Amino acid sequence: MRGRGVLALVGLLALFVWTGCARAPGTGLKVGVLVPLTGPFASQGQAMQQSLQLAVEELNRAGGVLGRPVELLFGDSKGTADATRSEALRLIQREKVKVLLGAYLSEETMAAAEVAAENGVLLMVPVAATNELNARVASEYDKYKYVFRTSYNIDQWAGLMGGFIADTGVGNYAFVGTNIRWNRELAQALREHLARSGIAPVYEEFYSPKEPALEPIVVALKGKDPGVVVLGDPGQQSINLVKKARDLGLNAPLFSVGGALGDERVARTLPAGGPLYFQAAAWDRTSEEARRFFSAYQEKYGYHPAGYADVLARDALFVLAQAVNKAGSLDVPRLIQTLEQGEFRAACGVYRFDRSHQARWGKGEGLEGMVVEWKDGRGEARWPRM
Amino acid sequence: MEQELQLALSGLLAGFTYALVAVGLTLVFGIMGVVNLSHGAFFALGAFVTYGVVQWGGGSFLALPVVFLLSLLLGMGLERWVIRPVRRHHAVVAIVTLAVAIFMEQVFQLVWGPDYHSIPRELPLVGFMGTTVDLQQIAAALVAVALLLVLFGLLRTRIGMAVRLVAQDAEGAALVGIDVPRVQTVVFGVACGLAAVAGNLTAFAHSIYPAMGRVPLVMSLAVVIFGGLGNVHAALVAGLILGLVASGVSFYVSPEWSYITMLLVIAVGLLTRPSGLLGRVGRRD
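Protein chains in written order, with my numbering: chain G, 1 to 386; chain L, 1001 to 1285.
Calculated Cβ distances over 10 Å to all of chain L for the following chain G residues: (1) Gln53; (2) Gln93; (3) Arg360.
Derived SDA-like pairs: lysine to any residue, alpha-carbon spacing no greater than 25 Å straight-line: (4) G:Lys210 to L:Ala1099; (5) G:Lys210 to L:Gly1011; (6) G:Lys222 to L:Leu1135; (7) G:Lys224 to L:Val1126; (8) G:Lys210 to L:Leu1263; (9) G:Lys222 to L:Val1245; (10) G:Lys210 to L:Leu1098.
These aren't lab readings, by the way, just hints derived from the structure by calculation.
Quantities reported herein were computed from a predicted structural model and do not represent experimental measurements.
The beta-carbon is built from N, C-alpha and C at its ideal position, and this holds for glycine as well.
From just these sequences and the hints, can you work out the full model?
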């Protein structure tokens, strides 16, 4: 009787050991994701989260990374640097992640970069555009070598938008947007870029993101008669501005930086008028991989992604996964070396990083972005012409 | 000249609908002596319910009675079961109503998601003396003016007298047999209903998202303070003045100066007329 009891205990112990061993290989690449899930930027945070969930399903169906599944652990950055910092620390110290991905705003991302640098953790930046990030990597390489950006920075963004504006053949343009730091940087970079083509701004104004009086801006724009109006506002005021512009008879082409105006559900409700364009990192025809991603996103969530924060977050994860597979380990120094030297194909094109760990966006660089025009509530790729 | 006419027209039409939000806020302060920080969330509720009705195939004007009744009932319930138990402590009321606003924003996010939504206009635009006249904005302003006239008219009736008496002296009103708590509940509900109607009337012109009530709350608080706390007529006048100042500065100086100038006008107004634009509070004291 006693022998049977011992046997049962040994059997039970063996079962625990076996199930424990069976679960061990399940612990694969853990990625800490920082996105604003609440607060004023939750809309973009949700788009990033949905894309990443779709991406991780695709990666794990294909065998994961180094034969093990990829796991995403989300932290709510709330659109603030403080929340980003504390969530990044939680993910590193409590969840033991070796890689961070995020955030959305430049302010959040700079905070995440500090935490990543202090803790020797890799940070993939999928959206934030501030040039300061590249400057830090370039000037203090040993400290910030952990930071890689897959999205375009301000100068590249201005280059992509300026290329399209110059190709339309207009003689001048207007720039209106929210009075925030990156927007002023973008306006300046765009002015400098277009000056080379002899195109100058006839109107350049910034409004408070709180409660701007939009009618005076539209009335002033009508008086200036610009060839194209650049809308430097990815948020809700851009929707209000387009409505007001069309209502007051401003039919000049409107060219948005993307964001809220990249949403087809919003585009369907906007008044008719002149052309409405927006800058996207990718659209259906950018690549076969992009087409598959957009189609899968639409099928799962019921609407077409805007082609910016969503696809860029997805690409950042795919670039990381390829780098881990190429490096053959999760060792951070080896990963940094692989990312610095390698080429990585994803939905937006081919990613290569320069000395400041900035992905090379621009004509002939493998990543060119896309200008999309809304036509009857459907997005049609307009530039670059293929 | 056409530009100035266009600006004045747009500013005036928008001013009437925003006055609805401010009037509700000042009405609650006048009757109950409390500041309702969930007022902006009711503005957002009006816009979201309108969006829901439009998604179901209805029109935005069709949603108006639904919006008003729903907000009236919710507001009355909020006053009866959430605010009344803590009403004597003004700071607690402010915290409680702020918590309600945050709760409502979370509910909007759960139901409609964090995305920006938008609805199309239903009435056309017409040309008039070289300007573009927005018939939907005119209809919205007419509804707002009609509601304000009904409200001002009601304040002159027997029921309105009871409301005014409660505003002047709640204890005295109770002594002459007025059911003060009931008056306060109804007024709170009506104020919430007016904020929601403003959300409904302006929904076609704006993007709709969970936190959209914050700016109207801050703006109407500024209008109410500038006009004089508790003074319904002054809130209307102050709203129109501030709206025109914002438009003028934005057009003639720069859009980035309009917000700060508006705050400056409020500060100067309060320094020179501390009892408000029409001085109601001063007279009461």
